[in-house]
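K.L.:
Single-letter residue listing:
There are 6 protein chains.
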Amino acid sequence: MNKEVDLKKAPRYCGISTFMNQPYTKDVTGADVAVIGIPFEMGTAPGNIFAPKEIRHVSWLLRSTSPLHMVDIWKELNIVDYGDMTVFTGDWEQSFPLIEKELEAILEKGVVPICMGGCHSVTYPQLRAYHKFYPDIALIQLDAHTDTHDVYFGKQKYTSGSVVRRAIEDGLVDPQSSIQVGIRGTMYSPGDIKQSQDLGIEVVTTDEVAEMGVAKTVEKIRRRVGNKKVFLTFDMDVVDPAFAPGTARAEPGGITSREVLGILKGLAGLEFIGFDTAEINPSHDCANLTTILGANIIFEFMALIAMYKKQKN
Amino acid sequence: MNKEVDLKKAPRYCGISTFMNQPYTKDVTGADVAVIGIPFEMGTAPGNIFAPKEIRHVSWLLRSTSPLHMVDIWKELNIVDYGDMTVFTGDWEQSFPLIEKELEAILEKGVVPICMGGCHSVTYPQLRAYHKFYPDIALIQLDAHTDTHDVYFGKQKYTSGSVVRRAIEDGLVDPQSSIQVGIRGTMYSPGDIKQSQDLGIEVVTTDEVAEMGVAKTVEKIRRRVGNKKVFLTFDMDVVDPAFAPGTARAEPGGITSREVLGILKGLAGLEFIGFDTAEINPSHDCANLTTILGANIIFEFMALIAMYKKQKN
Amino acid sequence: MNKEVDLKKAPRYCGISTFMNQPYTKDVTGADVAVIGIPFEMGTAPGNIFAPKEIRHVSWLLRSTSPLHMVDIWKELNIVDYGDMTVFTGDWEQSFPLIEKELEAILEKGVVPICMGGCHSVTYPQLRAYHKFYPDIALIQLDAHTDTHDVYFGKQKYTSGSVVRRAIEDGLVDPQSSIQVGIRGTMYSPGDIKQSQDLGIEVVTTDEVAEMGVAKTVEKIRRRVGNKKVFLTFDMDVVDPAFAPGTARAEPGGITSREVLGILKGLAGLEFIGFDTAEINPSHDCANLTTILGANIIFEFMALIAMYKKQKN
Amino acid sequence: MNKEVDLKKAPRYCGISTFMNQPYTKDVTGADVAVIGIPFEMGTAPGNIFAPKEIRHVSWLLRSTSPLHMVDIWKELNIVDYGDMTVFTGDWEQSFPLIEKELEAILEKGVVPICMGGCHSVTYPQLRAYHKFYPDIALIQLDAHTDTHDVYFGKQKYTSGSVVRRAIEDGLVDPQSSIQVGIRGTMYSPGDIKQSQDLGIEVVTTDEVAEMGVAKTVEKIRRRVGNKKVFLTFDMDVVDPAFAPGTARAEPGGITSREVLGILKGLAGLEFIGFDTAEINPSHDCANLTTILGANIIFEFMALIAMYKKQKN
Amino acid sequence: MNKEVDLKKAPRYCGISTFMNQPYTKDVTGADVAVIGIPFEMGTAPGNIFAPKEIRHVSWLLRSTSPLHMVDIWKELNIVDYGDMTVFTGDWEQSFPLIEKELEAILEKGVVPICMGGCHSVTYPQLRAYHKFYPDIALIQLDAHTDTHDVYFGKQKYTSGSVVRRAIEDGLVDPQSSIQVGIRGTMYSPGDIKQSQDLGIEVVTTDEVAEMGVAKTVEKIRRRVGNKKVFLTFDMDVVDPAFAPGTARAEPGGITSREVLGILKGLAGLEFIGFDTAEINPSHDCANLTTILGANIIFEFMALIAMYKKQKN
Amino acid sequence: MNKEVDLKKAPRYCGISTFMNQPYTKDVTGADVAVIGIPFEMGTAPGNIFAPKEIRHVSWLLRSTSPLHMVDIWKELNIVDYGDMTVFTGDWEQSFPLIEKELEAILEKGVVPICMGGCHSVTYPQLRAYHKFYPDIALIQLDAHTDTHDVYFGKQKYTSGSVVRRAIEDGLVDPQSSIQVGIRGTMYSPGDIKQSQDLGIEVVTTDEVAEMGVAKTVEKIRRRVGNKKVFLTFDMDVVDPAFAPGTARAEPGGITSREVLGILKGLAGLEFIGFDTAEINPSHDCANLTTILGANIIFEFMALIAMYKKQKN
Ligand SMILES: [Mn+2]
Ligand SMILES: [Mn+2]
Ligand SMILES: [Mn+2]
Ligand SMILES: [Mn+2]
Ligand SMILES: [Mn+2]
Ligand SMILES: [Mn+2]
Ligand SMILES: [Mn+2]
Ligand SMILES: [Mn+2]
Ligand SMILES: [Mn+2]
Ligand SMILES: [Mn+2]
Ligand SMILES: [Mn+2]
Ligand SMILES: [Mn+2]
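For the protein sequence lines, the chains are A, B, C, D, E and F, in the order given.
Those letters in the first sequence? Residues 1 to 313, per the working numbering, in order.
Those letters in the second sequence? Residues 314 to 626, per the working numbering, in order.
Those letters in the third sequence? Residues 627 to 939, per the working numbering, in order.
Those letters in the fourth sequence? Residues 940 to 1252, per the working numbering, in order.
Those letters in the fifth sequence? Residues 1253 to 1565, per the working numbering, in order.
Those letters in the sixth sequence? Residues 1566 to 1878, per the working numbering, in order.
Same shape as in the complex, but just chain A:
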């Protein structure tokens, strides 16, 4: 697709804001990877719905080669920007089936999707779609929060804070191969972490990441997921607010962007079937710090896809 593009031929900020100026199309046939927006939010993190638009907006800053693996992803991959799914923010009953169905159609084409939320609740309908194609998924969750709470406000079961519990309860991911990394911040109760462990998922706190360093964190993750197919869900609040102010539940003391990139670098070789980003909130951002970081992370997701493709061939 963009194999011939010369990045120095014209200023990259020119043109319609697709992700990295890649072609916009609803027909993903032949694509290796599709970037997809899901502008949905349950109400308590207002502004999240603007993340897909804003990430695309700054993504022209990216060049085609990943410094983590020294791979030119435009050479290795056919990339498309699928645009946004049609969703109705606030109304999960109407929107989640639409997400699930639309994602299924994309997965059928053999594409690796990278969905941009939205709040973290949208990972649930995604996982329902993935589950139909991949019955045994290891989940890597980078997040400040466990998201394994049961019910909010007496009755809300499909929120950002309960998305991982729902996914495990419904057998969408294998908790024994899954891991949450970066947990920190004030908690509802001293049992917040245990409630994750009770569901079978491994928990690594930010303090533990800081103590053992990036290399050992990577080891821990790789050991956990083994050679399973992997879905990586990236909640931006895992990053320290200084590096990612654009999030609605800022928790000081987080991991740095250097550490995040180090972790992603360490995951090369795993078989990723999909990725998403969540809780990027442009309304809280400064100087586009968070959306630029988000664009770089999505770019490195693509590099991980390229690395697996290269090794497989």
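Everything labelled a hint here was simulated from the structure, so no lab data went into it.
Quick reminder that beta carbons are idealized off the backbone N, C-alpha and C, glycines included.
Please note that a few of the clues may not be correct.
Examples of chain A residues toward chain B, derived with CB under 10 Å [said to hold, decoys possible]:
(1) 44
(2) 48
(3) 92
(4) 168
(5) 281
Coverage of chain F stretches by chain E, computed from C-beta distances (three or more under 8 Å per stretch; other residues unrestricted) [to be verified]:
(6) 1572-1582
(7) 1622-1634
(8) 1736-1746
(9) 1821-1827
(10) 1858-1865
Under the rule of at most 30 Å between Cα atoms (straight-line distance), these lysine-lysine pairs were calculated in the DSBU-like manner [claimed, not checked]:
(11) D:1094 - E:1353
(12) E:1468 - F:1781
(13) B:470 - B:542
Knowing the structure of chain A, use the given hints to seat chains B, C, D, E and F with the ligands on it.
P.N.:
The following block gives chains B, C, D, E and F with the ligands in isolation, referenced to the frame of chain A:
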């Protein structure tokens, strides 16, 4: 209550952020007016839920005397800050009955409520509550939009854009005594205004306000509402974005804050049973322009209550 | 093209940021109007190059019907977003011929272009292209500045401040049918206005607009251009900085957005062959006031095209 | 001094930030006008102390000719930037005598000072200095507030809110020739305006300005000051917050920058002995709207000095 | 008090902005800890006075359990928000005795106060009050600056920069048990650190913290304070400006929020008699980074109180 | 010059914004160091031209003693602020010879210049000037990018991205003694780093800095430059965007300000003949984080000059 307060005794910015530093209480007995937050939003104007907090936050700037009527409202009225209603943003089915019921309890005490939204949809459950006490209400709506659309996204009937249609359909206000002022901006179709008129409500566009001036606009409103009991709903987007950038649907070419204050001044003597503000969106605000204007408008609502009380006695 | 689109079917903020979500294409065949970005700037108004991207970004806020003429432009016109021209900001010698040539190819298709600068210098290569198709053009310039200075910094002849002088010198527009409206602000010398008049173009200051009002301003403009083909160039600094802070040469005391819209409304019936916007500077903007206003103005340009088309048929 | 400067020779944003790039010197001998910073603030409008720095910072935007009178002030006047007086913000007892003394030394040289506050309290020590040279001064005060309150917080007598009362009590200005224009906003009590009138000074509210228009406002002012020597004190909060958000006591519904410039234009011919600006607060500003307006107003003060000088010669 | 509160019952952003939605009361009887605002500032860090209001404003983000000690502080402690002390910013002579007296009354009730400045000067009157109850206090000062300068501007002795010198001179703290941590940034002279050491207090620079790490820093602090009663004063500028931009004297190269939290974690078990925060400046903040960090730090102060209480029982 | 200045005599924020309030003069005779602005930018990093003005603007925050070496630079050095060179942003053909010539005149006086760009392209004309005085220069480049690309947009050879290639090609620096530190971020191709190495310059990536730490990084640099005369060019994008958001090509994962200061500290004793800063972009800055860091870095450049001077004597 605050009869003895000397505004020059201590810096007004000191203290807990209640509206104008008035007492916070859930017991409104004996109050003339209660300021009430409704941090609810349907999803498409993210940030509206923060309006009550932010309006209170800047309201210390206000002094006790209205320059429009030269009345010291702290002398005339017992004012309380009721805090916020418990609502679940995004979920109208759970929240609207709560709003209706909580407002009823307040109305039972003979208080004049001033509710701070939230998006404009919250006017509907308020009007349901008012209707039980006042069966014949004239509605004054200051808004850039008619809010008389029927259905959004195939099925959503209780949105900001349909709130006035719902209220008229349900007989909550008398359209023949009701009036929309300030309509402008790009429209869904050339019939947008006629659809309001077909419901029986009078429409005054911003262009008409600009042409006839404030005095004639006031006359038109007063003629329309006659001596009925009046509910005034204030959608901040009626004001030009230069004066009120903090709104999610900015429509350039609006009326100025001076014109808004002129209109409010002209309404003295009407019997207001309630007020609300909607679509104040701190996430889009600059230099608190919009929340400061909002606080001043709420203050002038109180002055209108004081003026009616004085004249009645 | 978008004849069937139901604006209430899905949230308008969804999707790739083209102008009003209109189709992006380099093939303008069959289009009535094409929105075109020219991200070029001569250096002294840094940030102007981001205007096309940012205007598109907020343009989803627009609905399809103009309130000025009650015309649904999506019904009347085939609209496309052409994306950006390839230009090399700062280097006019390389860029201007490219602009001229690319615009010629578009004009050949009978499309009415609406170009989004960039700084005001880009009007010059545009006018060179128009001149080949329309040898007798009346220019309507809305601007705080005359842009009829000769040379900057000893040698620069193709700057924003000299663009109108160059166009007149080269016979690209007929000064006797042309008019500058909104001139104000501190000047290089008392002779700044006379230098425009000496070139044959009529000058209307902001003070004169304020004094005579919108209706007489419109009359003056219409009398000047007569029934010639018209090119309208809109320099955002004509608007008061409170309404349009996003400009690099803010001149307090300008006309309001209401007045701008009033003037545009008054121009219905003229035969516009093209439009452009200039000096919209997102780096100086607040709350997107300026880009939202810019999007509305571009939308009203389209309404003027629709009005002429309707009247002709 | 700058008689030979060619504004188009080099970009105006180059260089050290003095006011309009005028020479910085503590020796004002031979100067017609000196711009002087007084970064002093009594504590309740934090951020005012940065006004002198920020006004200078944006003043390069100005060109040398006033559009109000078509006079090139660089041709007519010798202008210097005196820098800031040494003051100790918060401590009036230490600072006011220093201001008074330093200003005396400047007045001795026959210079017309334009002082940039700081909060409005600093007008008091200025007037003490002026009084020694000009025993009979008419005061023109453009302000949203009367500043004729007596005491704050039980004992503070030299605040922004009492500065005009103090000046009149001490005989520093002749109240019978003095006038306050633009009064508005919520007040401490219904008697706030009467307390000014009781001191002998005339009060014109913003509502009155709006009603009678700029021309009659000018007439009223000129009639009041007659042919006395005039000191003009400009409190930025007289301007509507949309045009001047950078002020700590924003009062919606104010006069526009166009109206301010109209009033200043109307004052040509009066014998101004000095000017100051107050309550410009960069911490509350957006897009430099307020400091740019402030710089333009200071520039027009200079034009008024030039106009008087021309007429006298 | 809040023992029964279910944080998931209603959105935490609802309601009046007290600290963590805790009850607002001037009667601290029975409380374990009281959060108290002191909106006082000496003039050179304008904006500090808004810190208490803004910290409360974001404090709803906090949940009840500290991740550092896995303790639910709402279960362990009775917490109240005392509101603000009445102070007159800029005027220390009037304000300091008021602070001292008001704090004494609170200390008499056996409450542990957490005061939110304001500038750092307000620690002095606090220490005067503490001294009456606790004659032998170890001071832990986290700060980029030593604050042991003698006199500013020829005569000012009670400034932020001299507060620690004054406290030691007056015997309010025991320098031999006291320690300053985080010192860095450009200095008035090479002797700045020695002047602290000469007063008897230990100095640990940011460089030293970086070199030895958090664990050894904690050890150093604990060794210094021994088993004395401890007052901890937290100057926000100790944190790197990337993590805490909202401070008026930003010194690049500071400690991170992770390191700050690590240090606080290490202090569990000490007997804290009080805490304060200083130099949090909302006027310089971005995305509430600083006030959110401030709220988290205050929360962890409470956790330290809870830890001591638990261990004592 | 400033030997007698007492920093505590008056508030440092008073006065005209020269660098650290040092004297502004075009006559550098007798100065040890001159701070010089070069407000030039090639077009793709709009806003860079405002860096000199904004760095000066915040530089009053600095005190006279470097904490890295405990040296009072005002005691050791005669410092002047030269103001800005006259350049024509966007037009390198006109501007580069002017820069070269003006810098030569300064170098002739034996001054060590510290130039503030502007974009990185301006290092080229500087190096041409230095080369005439110092034929054998070691270059230390702190940068996220190699800047060794050949041509942009088909023909542009003198851009920010090619400045180091040009300098080496023209023999202006000795590549064998030169080193690039901090390289990272997405790249045009996997060969980006090798293209630098092929030119003979050593490359140290950010990852390598992170891995080996500051001490070893310093060693590597010192070994490379040996005892040659050194020019240090500082591209602000070498710093992580959290610490320096004000740059047009933000690359997440950068080195921290603490690490930058650590590296600078380690370079004491080298013979620096000049310094510059580039790519500081106030239009992208937050809370002045970047300009304050820039001012501190320039200050530490001066400290390095002082250290060499002391050791030489
Ligand atoms: Mn999370
Ligand atoms: Mn999450
Ligand atoms: Mn509306
Ligand atoms: Mn509405
Ligand atoms: Mn212009
Ligand atoms: Mn122009
Ligand atoms: Mn005022
Ligand atoms: Mn005043
Ligand atoms: Mn400090
Ligand atoms: Mn301190
Ligand atoms: Mn770089
Ligand atoms: Mn570079």
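K.L.:
Among the hints numbered above, which are violated by the structure, and what are their numbers in rising order?
P.N.:
4 and 8
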